[in-house]
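Those sequence lines, one after another, are chains A and B.
Under my numbering, residues 119 to 452 are what the first sequence spells out, in order.
Under my numbering, residues 10 to 317 are what the second sequence spells out, in order.
Worth flagging that the hints you see were computed from the coordinates, not collected in a lab.
The beta carbon of each residue, even a glycine, is placed where N, CA and C say it ideally should be.
Any given hint could turn out to be false.
As the list claims (entries may be wrong) - Far from chain B, by Cβ distances over 12 Å, these chain A residues were calculated:
id, residue
1, E140
2, R158
3, A171
4, G231
5, M232
6, M296
7, L348
8, K385
9, V443
10, A451
As the list claims (entries may be wrong) - Distance windows between CB atoms, simulated:
id, chain 1, residue 1, chain 2, residue 2, range
11, A, I207, B, K170, 55 to 63 Å
12, A, G186, B, S222, 38 to 46 Å
13, A, G272, B, S222, 50 to 58 Å
14, B, K130, A, D159, 55 to 63 Å
15, B, A121, A, S269, 32 to 40 Å
16, A, P162, B, E249, 54 to 62 Å
17, A, G186, B, D244, 43 to 51 Å
18, A, D394, B, H259, 43 to 51 Å
19, B, I67, A, E344, 28 to 36 Å
20, B, K130, A, G382, 19 to 27 Å
21, B, A316, A, D394, 35 to 43 Å
22, B, G132, A, E121, 17 to 25 Å
23, A, D159, B, P94, 35 to 43 Å
Said to hold, decoys possible - In silico SDA-like links for lysine to any residue, alpha-carbon gap of 20 Å or less:
id, chain 1, residue 1, chain 2, residue 2
24, B, K130, A, D394
25, B, K130, A, G419
26, B, K130, A, N174
27, A, K393, B, K130
28, A, K393, A, G419
29, A, K393, B, S76
30, B, K69, B, N129
31, B, K232, A, G419
32, A, K393, B, N129
33, B, K69, A, N174
34, A, K393, B, P311
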Amino acid sequence: MVEMVTRPYAGAFEAYALAHPEVLCLSADLTSSCEIDGFRDRHPEQFVSLGMAEQNMMSFAGGLGLAGFRPFLHTFGVFLYRRPYDQLIASVAYPRRKVRLMGFLPGVTTPGGMTHQAIEDISVMRSIPNMTILETGDATEVESICAAADSIDGPVYCRVLRGSVPRLFDSPIEVGRMRELSAGSDVLVVTAGVATEEALRARGALKAAGVSIRHLHINTVKPFDERPLLDHIASVKHGVITLENHVTEGGIGSLVAEIMADHGVGKRLIRLGLKDTYAHGGSRPYLMRHYGLDASALVAGVERLLGRIFGVTEADLDAVRVDAVHSSAKAEAL
Amino acid sequence: MDNAKSTGDVALGIRRRVFEHSIRNNGGYMSQACSAAEQLAWLYNEELRLGEPTLPMIPKPFGGVPSAGNTDYQTGAGYNGPAEPQYDRLFIAPAHYALVAYATLIEVGRMAPEGLEMFNKDGSSVEMIGAEHSPGMEMHNGTLGIGLSTGAGLAWGRRRKGEPGRVWVFMSDGEVQEGQVWEAVQAAAYHAIDNLYAIMDVNAQQCDGAMESVMDARDIRAKFEAFGARCVEIDGHDLEALRQAAREPHPGKPLIILAHTVPYRGMSFLKRRFPRLHYVRFQSEEERADMNGAIAEELGIPPVDYAH
Ligand SMILES: Cc1ncc(C[n+]2csc(CCOP(=O)(O)OP(=O)(O)O)c2C)c(N)n1
């Protein structure tokens, strides 16, 4: 059984911020939902409440950056770029402020429906000059996200997992360095965030089907080091599959496609993720299945790439992790 | 629709349904029922001119998001009746009030009680954060602060087309922290959009607690008036005051009713959690049982028989 860690961000942020007094904790009325309620209560002098006003918070953070502080903004990811996009560009990205955007509930990890689901955030952020993008895929990465983000000389957007988070890795994020989770020779699978856990669920079934998988986990989406990816692509026979908790336009799939095209790599690529659609509200496992972002979607992708049917059923995959609708790990049912 | 029940009874029914649902489901947006029950009961039972529902009493499952290929796509607005010129339209701007809005639809006979059983269930259209396709909703308002602008645009368009129906927007006070709300009032006043009506549940709380401790919005009425709206302040639990407020003359201006409310009204047990009431989740099974007993008694119903 995988170890589950409760509210990993809470302790990690507190420890990091206390060691770095120039770090400020900004919040937009989702303080408990972003696991910084304890920090607010214990360290009010380092906490800045900005209310439900994300556009102002963004430009305000730009001003704090100008004053020499390094603000960490906390809200749901979606509220860090849809409402305050213009402010993000003009107040933060262009002048390269050291503003750390902590985006919670990435992709379909929220039941809140379209208005709460950041499904095109990576695409948007990738196209912004000066922006760095990090994404967490397990508790260890969440625990190391503050230090990783704060090491960036400029603005950075992070997709942060919260609540009850599995521990998959034992070493912290090293910015710019992908993780090689398996070194097979048939198919290269590239994942990030919660999609990595899904790919791991399919590992046993794919092995049983006789497919040798090479699996990479990405935590630094931008800037991206192309060379190791190209080497990995070169070492598999059949091609590449990307799986992401995001639309397939502009995210990890596009990133891999661009690199392959730029370097004339003539291998097949299958991009799995939300296919040019919005999502609706529901539980994470249900949505991941409904929109083809889960382990079985990956198996189907491998079948498509290899032109073979494995007859893998849900029972052959590792169990889905179902979060409780209500748990002490989160503030609301959201 | 004929008023089979008194508005007071509808309000009581809303509180009972939201309470039962929350006890059974281990938590919910209960305080919003306490603060907004009279407002939504009054709107649906008396003030709004709405036609008969056009959608089935038992909501259909989620039918897909809008796309060119989804030709059967429907919003949930049909629960408020057809979009005909003579009828009013209503937006629930803070979409987390959906549970309260669904309970209201049931109480006024526009949705079957089974609809609430589908709340937040995978594959259902009765979403936790009211979606465009959820019963009684016409817009995706889960991103707060956008509802009044859409209402203003719809009202402008309806006036241009000579439609007598009004546009009502139910708002929350937290929304005023978003700049867009002020842009909406400014535009509605500039364009003299007086077929636009808003009623705001001023319960003085938001997710993090008391509004004045999170981001003080100060004198909302004075600000709305300064931006060009006609604004009246009332006790939002007083039905007579609600009726009077809507009669306030407001030529050439939108009318905004600030309904001051208590987010534990009718469920006094919740007072001990005030002002951290945005979402009520039980801290222990013991608290759940205590709450069940105390609130059921206050609402005049037997305690909920829930699965432990
Ligand atoms: C643009 C935007 N920012 C943040 C949120 C998250 N959120 C949901 S409700 C809410 C504030 C709640 O205050 P209020 O609207 O007054 O509702 P009440 O607590 O009285 O139910 C927030 C910040 C959101 N839905 N939309």
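Could you tell me which of the numbered hints above are not met by this structure, giving the numbers in increasing order? 2, 3, 4, 5, 9, 10, 11, 12, 13, 14, 15, 16, 19, 20, 22, 23, 24, 25, 26, 27, 31, 32, 33 and 34
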